[in-house]
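Heads up: the protein sequence lines correspond to chains S and C, in order.
Residues in the first sequence are numbered consecutively from 3, following my numbering.
Residues in the second sequence are numbered consecutively from 128, following my numbering.
Simulated from the structure, these hints should not be mistaken for laboratory data.
This structure is a prediction, so every number in the text was calculated from the model and none was measured.
A hint or two may mislead.
To be verified - Below are the DSS-like pairs computed for lysine-lysine, each with C-alpha atoms no more than 30 Å apart in a straight line:
hint : chain 1 : residue 1 : chain 2 : residue 2
1    : C       : Lys222    : S       : Lys164
2    : S       : Lys157    : S       : Lys132
3    : C       : Lys222    : S       : Lys157
4    : S       : Lys155    : C       : Lys327
Unchecked claim - Part of the chain S face toward chain C, derived, beta carbon under 7 Å:
hint : residue
5    : Tyr122
6    : Asp130
7    : Tyr159
8    : Met163
9    : Leu254
10   : Leu279
11   : Gly280
12   : Val283
13   : Arg286
14   : Glu290
15   : Glu292
Note that the Cβ used here is the ideal one computed from N, Cα and C, for glycine as well.
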Amino acid sequence: MRNLQTVAPATSAQTPPMTISMSGLSKVYRGHIQALRNVDLTIEQGMFGLLGPNGAGKTTLMRILAGILRPTSGTLTIAGIDASRSSSDRNRTQIKRLLGYLPQELGMYPDLSAREFLDYIALLKGMDNKQQRQARVEQLLETVALSEVANRKLKTYSGGMKRRVGIAQALLNDPRLLIVDEPTAGLDPEERIRFRNLLSELGGNRIVLLSTHIVEDVAQTCQRLAVLANGQVRFQGTLGELVAAAQGKVWLLTLPAGGRPLGDGNGELSVIATQHLGAQVQYRVVSEREPQAPTRDGQVASIEPSLEDAYVYLMREQR
Amino acid sequence: MHVNQLGILNQTSQPAAFGGAFRYEFMMQLRRPALWIGALLLCPFLFNHFNAFYLPPNGPPTVEQSVTQWMSFNALFYPIIAGLLIADRYARDRKTRTEELFHTMPTTVGTRLFGKYLGSVLATLVPLFLVYMVGVALILANWHTIGVLPMALALFAALMLPAVLFVGAFSIACPTFMWTVLYQVLFVCYWFWGNFLNPKIGIPTLNGTLLTPSGVHISRSFFPLGVPSYRGFSFAPEPLTNGFASLGLLLGCALIALFAAWGIVRWQRDQA
C-alpha cells in the first residue's frame, strides 16, 4: 500500500481541531438491554483506541457516532455539532459530511467492481464533479493497492482486499472523523500490519477512532485509548498511564515442569502466558501481590508490564 | 459551495446521489441473470400460437389491432415478473449490509429510495421491451408496413410503463415492512385477483375498474380501434378521461406507496 501522506492530508490548516465529547451517554435497546451506561468520554485529534471485550458496547458506541443509532440519553457533540437524541436532521447531515465509516462487516454489492462501488459511494457522498470523483477513486485505489484488480467483481475479493475497499470508501470524502470497527479481525498477520500502518498514517489532522478487542492493534497505533466493559468506560487516558497502573503487578514465575502457580483461590492471579522450556515452565502472571512459588525450585521475578498485561489487570480490578 | 483542499465538495449534492443510485441500480438489475431468465421463460408462453393470434390471415383484421392485442397480452403477464424481481431490491440492501453504510452518508433516504426505484424499474423493462419489439417486428413484417411502429412504441409507453411503475412502487415499498417472500406470494395472488377475476362472478375485484393495472382503460381510451372485442380482448372505445383517470390513479398510487416507504424507513431509522 502506498504512503498516504500525499493522498489524504486530512483537512486544511485553518480548520478547527476536531473533538468528540459525550457525557452521560446511554443506549438501551428494546427488551431493556442496556448497551451503554453513562459514558463520559472526550476524544481529540489523532488515533484513539477503543478497547474492550466482546459485548462491551464498542460497536454500539461506534454506531451512535456514525449516526446509525440514536443514544437513549446523554449529550454528544461532534466537532461542536449536537448529536444527542433530539438533535435535528440538519445536524446529523452536517456530521455525516465529516465522517468516514468502516463497519466490522462492510456491506458491498458483490456484482459491482471495486471501481464501480467506490464511484457509487462517492456519488452518494455528494461528489458530483465527474473528473474530481474519478481522480479521487483512482487515487484511493492506488493507495490501497487495488488498481490492478479494480475491474474485478467484489465477490471475487479476499477478506483483506474487501477491507481495503472498505477503507478506500471511508476516505473518499477526506473525512475529519474516521471510524473503523474491528478492522483487522480475520486478516493474516502481514495484511494486519499493513492495515495498521495505513491507519497510523491517517491520524494526522483528524480523529481516527479504532475499535478493537485486539490489544496489539491499539498498542501499535494509538496514543490515547479508552477501555469499555459492560457498557461503561473503565479507563481513559494514554497508553503509558494504563501501563503505569499495572506497574509492580506483573510477574514471571519459573517453575519445574509440571508445576503450577499458586493462587489464593479467590482468583487474585491471572495467567497471561505459559511457555514450556524443557525441564521448566514459565508463567507470566498478573497479581496484586507477589505470587508464591509452589516449590523451593521455583523463581519469581517482577517484570515490566505490557499493554496487554495492563488491560488484563484493569479488567481484573473491575470484576 | 465550499470545497476543501482536495477539491471535494463539502455540500451534499442530492441530484448527484440520486443519479448515482439510479445509474447503479439500473446497472445491477440489468446484470441480473434472473431478469433475463425470467423474460426468456415467459417467451414460449407469449409466443405460443403467435401466428394464429396476431398474424394474418387468422389474426385480427387490422395491424393496429394486432399490435394492441400483442401489447395487452404482454401487459397482462410481464408485470408479474417485474414485480417479483423488483421486490428484493430494498431487502437486498439489508441482506448485503449496505443499508448500514448508506445510513452513515449525508444522502437522504428519499433520494436513494427514488433512485433505486426508477433505476430498477427501467432496467426491468429492458428485456420486456426487446421481447415486445420482436413480436412487433414479426407483426409489421407480415403486414408489410412500418407505419404502426410509432403506435407500438406509444402503446408500450402508455400501457407497460405505468403498469411496471405501479407494481414497482409497491415492490419497493412493501418489503420495507414485510418479509419479501410473503410480499411476492401476496403480489402474485393480487395480480391474478385484480386482472383476471371476472367481476361478473360476484367476488369484489379491481378488474374492470380504473385501477386495473394492466391498463385496459388506458388502451381503450388512448388507442380506440372501433372494434368491440376480438378473442376476449375488448377494444371498445372509452372516453379519454377514463384513460387519464386510470393513468393518474396508477401513478398516484405508486407515488403514495413510495412516500409511505420513505416515511417507514425514516421512522425505522429514528427508532434505532
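Going down the list of hints, with the structure as the test:
1. Lys222/C - Lys164/S: Holds, at about 17 Å.
2. Lys157/S - Lys132/S: holds (26 Å)
3. Lys222/C - Lys157/S: Judged against 30 Å, a Cα distance of about 14 Å means the pair holds.
4. Lys155/S - Lys327/C: violated (54 Å)
5. Tyr122: holds (5 Å)
6. Asp130: Holds. Min distance 3 Å.
7. Tyr159: At 14 Å from the nearest chain C Cβ, Tyr159/S fails the 7 Å test, so the hint is violated.
8. Met163: violated (17 Å)
9. Leu254: Hint on Leu254/S: violated, closest Cβ of chain C at ~45 Å, above 7 Å.
10. Leu279: Check failed: Cβ of Leu279/S comes no nearer than 47 Å to chain C, outside 7 Å.
11. Gly280: violated (50 Å)
12. Val283: Violated. Min distance 45 Å.
13. Arg286: violated (39 Å)
14. Glu290: This hint is violated: Glu290/S lies away from chain C, its Cβ roughly 42 Å from the closest one there, beyond 7 Å.
15. Glu292: violated (49 Å)
Consistency with the previously given hints fails for numbers 4, 7, 8, 9, 10, 11, 12, 13, 14 and 15, ordered from lowest to highest.
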